[in-house]
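Throw the hints in and build the complete structure from the sequences for me.
Those protein sequences? They're chains A and B, same order as listed. When we follow my numbering, the leftmost residue of the first sequence carries the number 1, and every step to the right adds one. When we follow my numbering, the leftmost residue of the second sequence carries the number 1, and every step to the right adds one.
For the record, the hints were derived by calculation from the structure and aren't laboratory data. Be aware that a few hints might be false.
If chains are identical, the list can't say which one is meant, so a pair holds when it fits in one copy or spans any two.
Below, in silico cross-link-like pairs of lysine to any residue (SDA-like), each with a Cα-Cα straight-line distance of 25 Å or less [as the list claims (entries may be wrong)]:
| hint | residue 1 | residue 2 |
| --- | --- | --- |
| 1 | K254 | D205 |
| 2 | K230 | V304 |
| 3 | K254 | G208 |
| 4 | K144 | D207 |
| 5 | K254 | G164 |
Protein chains: 2
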Amino acid sequence: MSQPIDIAVIGATGTVGETLVQILEEQDFPVGTLHLLASNESAGSGVMFRSKSLRVREVDSFDFTKVKLVFFAAGPAVTRSFAPRAQAAGCAVIDLSGGLSAEAAPALVPEANAARLENLAQPVQVSSPSAAAVALSVALAPLKNLLDIERINVTACLAVSAQGREAVSELARQTAELLNARPLEPRFFDRQMAFNLLAQVGANDTDGHGALERRLVGELREVLGLPALKISVSCIQVPVFFGDSYSVSVQSRKAVDLAAVNAALEAADSIELVEEGDYPTPVGDAVGQDVVYVGRVRGGIDEVEQLNLWLTTDNVRKGAALNAVQLAQLLIKHVV
Amino acid sequence: MSQPIDIAVIGATGTVGETLVQILEEQDFPVGTLHLLASNESAGSGVMFRSKSLRVREVDSFDFTKVKLVFFAAGPAVTRSFAPRAQAAGCAVIDLSGGLSAEAAPALVPEANAARLENLAQPVQVSSPSAAAVALSVALAPLKNLLDIERINVTACLAVSAQGREAVSELARQTAELLNARPLEPRFFDRQMAFNLLAQVGANDTDGHGALERRLVGELREVLGLPALKISVSCIQVPVFFGDSYSVSVQSRKAVDLAAVNAALEAADSIELVEEGDYPTPVGDAVGQDVVYVGRVRGGIDEVEQLNLWLTTDNVRKGAALNAVQLAQLLIKHVV
Ligand SMILES: NC(=O)c1ccc[n+]([C@@H]2O[C@H](COP(=O)([O-])OP(=O)(O)OC[C@H]3O[C@@H](n4cnc5c(N)ncnc54)[C@H](OP(=O)(O)O)[C@@H]3O)[C@@H](O)[C@H]2O)c1
Ligand SMILES: NC(=O)c1ccc[n+]([C@@H]2O[C@H](COP(=O)([O-])OP(=O)(O)OC[C@H]3O[C@@H](n4cnc5c(N)ncnc54)[C@H](OP(=O)(O)O)[C@@H]3O)[C@@H](O)[C@H]2O)c1
Numbered sequence: 001m002s003q004p005i006d007i008a009v010i011g012a013t014g015t016v017g018e019t020l021v022q023i024l025e026e027q028d029f030p031v032g033t034l035h036l037l038a039s040n041e042s043a044g045s046g047v048m049f050r051s052k053s054l055r056v057r058e059v060d061s062f063d064f065t066k067v068k069l070v071f072f073a074a075g076p077a078v079t080r081s082f083a084p085r086a087q088a089a090g091c092a093v094i095d096l097s098g099g100l101s102a103e104a105a106p107a108l109v110p111e112a113n114a115a116r117l118e119n120l121a122q123p124v125q126v127s128s129p130s131a132a133a134v135a136l137s138v139a140l141a142p143l144k145n146l147l148d149i150e151r152i153n154v155t156a157c158l159a160v161s162a163q164g165r166e167a168v169s170e171l172a173r174q175t176a177e178l179l180n181a182r183p184l185e186p187r188f189f190d191r192q193m194a195f196n197l198l199a200q201v202g203a204n205d206t207d208g209h210g211a212l213e214r215r216l217v218g219e220l221r222e223v224l225g226l227p228a229l230k231i232s233v234s235c236i237q238v239p240v241f242f243g244d245s246y247s248v249s250v251q252s253r254k255a256v257d258l259a260a261v262n263a264a265l266e267a268a269d270s271i272e273l274v275e276e277g278d279y280p281t282p283v284g285d286a287v288g289q290d291v292v293y294v295g296r297v298r299g300g301i302d303e304v305e306q307l308n309l310w311l312t313t314d315n316v317r318k319g320a321a322l323n324a325v326q327l328a329q330l331l332i333k334h335v336v
Numbered sequence: 001m002s003q004p005i006d007i008a009v010i011g012a013t014g015t016v017g018e019t020l021v022q023i024l025e026e027q028d029f030p031v032g033t034l035h036l037l038a039s040n041e042s043a044g045s046g047v048m049f050r051s052k053s054l055r056v057r058e059v060d061s062f063d064f065t066k067v068k069l070v071f072f073a074a075g076p077a078v079t080r081s082f083a084p085r086a087q088a089a090g091c092a093v094i095d096l097s098g099g100l101s102a103e104a105a106p107a108l109v110p111e112a113n114a115a116r117l118e119n120l121a122q123p124v125q126v127s128s129p130s131a132a133a134v135a136l137s138v139a140l141a142p143l144k145n146l147l148d149i150e151r152i153n154v155t156a157c158l159a160v161s162a163q164g165r166e167a168v169s170e171l172a173r174q175t176a177e178l179l180n181a182r183p184l185e186p187r188f189f190d191r192q193m194a195f196n197l198l199a200q201v202g203a204n205d206t207d208g209h210g211a212l213e214r215r216l217v218g219e220l221r222e223v224l225g226l227p228a229l230k231i232s233v234s235c236i237q238v239p240v241f242f243g244d245s246y247s248v249s250v251q252s253r254k255a256v257d258l259a260a261v262n263a264a265l266e267a268a269d270s271i272e273l274v275e276e277g278d279y280p281t282p283v284g285d286a287v288g289q290d291v292v293y294v295g296r297v298r299g300g301i302d303e304v305e306q307l308n309l310w311l312t313t314d315n316v317r318k319g320a321a322l323n324a325v326q327l328a329q330l331l332i333k334h335v336v
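If you want it as structure tokens, here you go:
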């Protein structure tokens with residue numbers, strides 16, 4: 001077993017941060033001292049770790065020389081403010097916020113591009129990409145050499161928890177108001193989210209693409225090692241609490257061998273292939289699990305070069321916290 | 001104004017049938033006597049039409065020689081049982097159930113292929129296609145000549161009302177159970193629908209495609225007059241009561257002129273183009289309206305031959321009942 005190392009989690013009171021702390025405990029990760037950091041709003045509160053309540057502290061006054069590894073699980077602005085200090089203190093950084101450039105912190109999904117870790121400058125900075133990039137990379141990495149992928153079309157159906165804990169409370173609140181026939185006043189979302197679909201996540205750029213859509217395209221090309229991959233992606237927000245789902249259509253340049261695709265998915269450790277005729281759902285399958293569920297594996301209608309898939313995965317766990325801890329496991333073996 | 005004609009609506013107590021009767025009234029359709037038909041379950045109940053309560057009767061004992069036009073808005077099995085009797089009695093038939101073959105009853109969406117009505121054998125049988133085919137045809141017909149469409153990718157996010165009134169009650173019931181922390185026993189759907197996504201609508205064939213997915217491909221090719229169009233489609237069931245939404249990505253063989261696309265959408269009567277930066281939702285825009293809402297009109301990321309769109313429309317109204325009444329308006333002008 002590795003030497004215990006001292007770790008800081010920034011955003012420890014958030015949806016992702018709390019799960020990350022849980023997973024460090026579940027996996028018996030070699031943690032020495034764990035420092036839980038957040039804003040002044042929740043400084044002083046406690047978070048359970050190994051049967052003890054650890055006091056949350058404010059990140060602003062944290063001395064990064066106390067730790068060797070820092071997880072950034074607050075927003076991108078927090079990462080941009082504090083990652084330079086962490087790096088100056090010699091810490092390895094795992095960013096979950098998308099706050100660092102691809103050059104400063106390459107996107108990593110162990111199932112797809114673990115090798116990328118090998119020649120990074122010290123102290124290492126890596127990024128755990130968007131939950132969508134994690135799910136799609138895990139599902140497509142085993143198929144990459146089997147297909148000659150020309151294009152991927154994705155409709156990403158994001159759970160409200162993708163926007164953090166306030167979004168989760170807001171869906172519950174809106175739903176209760178509507179069921180009790182009370183007038184709805186949207187707060188976190190700018191309109192009704194309950195029993196509705198929102199076709200946009202955050203603001204769009206002048207070309208009409210959302211930041212998350214652009215980010216996904218960049219991350220997926222990088223993680224899959226396919227820089228010229230054509231990707232069309234639409235992110236929509238759905239009234240689901242936890243569990244992102246992806247409707248995926250892949251165009252290959254050659255006929256798709258469905259039996260080989262099924263065998264490759266079946267063989268992948270981080271994939272649970274749901275049997276033909278059934279399909280996985282976010283609530284019924286993905287939530288709380290460590291794998292990407294894949295179902296509805298089928299070809300095209302009248303087209304042998306097409307592959308269609310349905311994916312669903314726990315966005316907070318597999319899509320973020322678990323991927324980051326998997327990265328940490330690799331880091332402590334190779335570099336920290 | 002046309003001569004009043006006697007009409008039968010089969011499935012008049014259903015989600016689509018009730019709306020159809022409402023629209024006949026709203027449009028002041030030249031109805032002589034209106035016969036409302038259903039199964040023995042609701043025979044005897046009343047449905048309001050022009051301030052009178054009309055008695056619903058059983059379809060089994062109906063004498064089709066009493067009417068000139070029949071709307072079939074019960075299931076496909078009911079259409080297959082009774083359309084031959086209607087036709088033998090000389091009635092024009094408008095089927096909303098998908099129960100007749102494309103040869104027996106061509107799919108029609110007035111905004112896209114009204115001309116198809118002109119050379120049909122008497123008595124005329126036509127089909128109002130699936131709500132998905134209506135929405136996509138209305139949105140794509142004005143773009144057909146502007147783009148050189150090679151392929152369409154669609155993720156169809158269907159409201160529960162697409163499955164009729166029982167599905168609507170079931171989503172409400174499940175949501176209330178969950179909010180009250182009572183154990184969930186799914187009834188209409190085979191699993192939790194509230195706060196969840198179901199990746200499949202009905203059973204799949206041995207190739208993994210759903211009947212609705214296959215039907216949509218056939219109908220869209222027919223209605224758009226593009227028999228070789230490549231289409232990839234996934235239908236998913238979302239926890240929304242009314243209003244279907246479509247995430248659409250179009251591949252053209254030439255660069256897409258976005259200004260021309262916007263102008264063509266803007267000019268189309270049955271389309272409401274939502275201004276840039278905003279987007280339409282099923283609950284906030286589509287429900288109760290007679291148009292297809294279009295938003296998020298944008299090109300590809302790094303690809304000039306791509307066009308992405310988000311559509312949302314009232315599945316029961318524009319997707320079914322209204323399209324059928326629009327067909328009836330054309331029929332009475334040309335053929336009945
Ligand atoms: N949710 C997901 O599915 C998901 C997936 C992948 C990546 N991510 C990314 O992970 C990050 C966290 O997301 P989340 O869903 O966990 O959000 P969240 O539930 O809203 O939690 C936010 C966390 O950040 C902390 N925080 C906020 N402002 C801060 C500040 N100025 N200084 C220090 N800490 C601050 C909060 O602490 P307080 O308690 O003090 O407010 C809280 O711990 C985001 O960048 C998000 O994009 C999320
Ligand atoms: N809902 C949509 O968005 C939509 C869109 C396009 C097409 N459609 C199609 O339209 C049809 C009706 O759908 P819906 O949503 O209105 O369903 P629904 O709400 O379940 O209503 C079904 C209707 O059919 C009647 N019916 C059932 N069995 C019958 C039988 N054996 N004989 C005579 N009538 C019978 C019912 O009458 P009772 O009251 O007697 O049971 C009721 O009026 C279906 O084929 C559906 O696929 C629906």
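- Message: Checking each numbered hint in turn, tell me which of them this model violates, lowest number first.
- Response: 5
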